[in-house]
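Undergrad: Sequence:
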Amino acid sequence: MAPTTTKSKSAPRQANMAFTIRKPPYTYLHLSLLTVPSHPTQPLDEVGARSYLFAALQQYLGLTGTAVPIDILKVEDSNVWIRVPREDEIAVTAALSQWVGARGVSLRIEARGSWLGGVLARKADKDAGLWTMEA
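With UniProt numbering applied, the sequence shown corresponds to residues 1 to 135, in that order.
For the record, the hints were derived by calculation from the structure and aren't laboratory data.
Treat the hints loosely; a few may be bogus.
[Said to hold, decoys possible] Restraint ranges, calculated between C-beta atoms of paired labels, are given here:
| hint | residue 1 | residue 2 | range |
| --- | --- | --- | --- |
| 1 | 62 | 17 | 44 to 54 Å |
| 2 | 50 | 14 | 23 to 33 Å |
| 3 | 18 | 51 | 38 to 48 Å |
Quantities reported herein were computed from a predicted structural model and do not represent experimental measurements.
Heads up, the beta-carbon is just placed ideally off N, CA and C, and yes, glycines get one too.
Input sequences plus hints: build the corresponding full structure.
TA: The following block contains the structure:
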């Protein structure tokens, strides 16, 4: 008797494709302006935000700090969202962390990440009362 072979019909294959971006080109930061309560301040605008960032980087890194490219994405009330090249993230973070300007003005890093959506989501969660910082 001859061996019999059976051919089964299989379902059509679906091609699943996934990719990973290992080194995103930019880092996004959400900053907030902190001031001393006794000093009245002007509302934050793009020019003011850029001058604060420029001053912080110049104080921390000197002339090299002034060459760091910073894109201001949005300014709203006392908040500013910026984009910096991933290679400059550490320098910008360090410069902003130690900088205190005239009359006690400083910039606090509220959120930082490789994707703008994640940085914005933290702001939305915080505004909705879903995000709290535990001590």
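Undergrad: Now look at each hint and say whether the structure bears it out.
TA: Here is how each hint holds up against the structure:
1. As the Cβ distance of residue 62 to residue 17 is approximately 47 Å, the hint placing it in 44 to 54 Å holds.
2. At about 49 Å, the CB distance of residue 50 to residue 14 disagrees with the hint of 23 to 33 Å.
3. One distance hint, 38 to 48 Å for the beta-carbon pair residue 18 and residue 51, holds here, with the actual separation near 43 Å.
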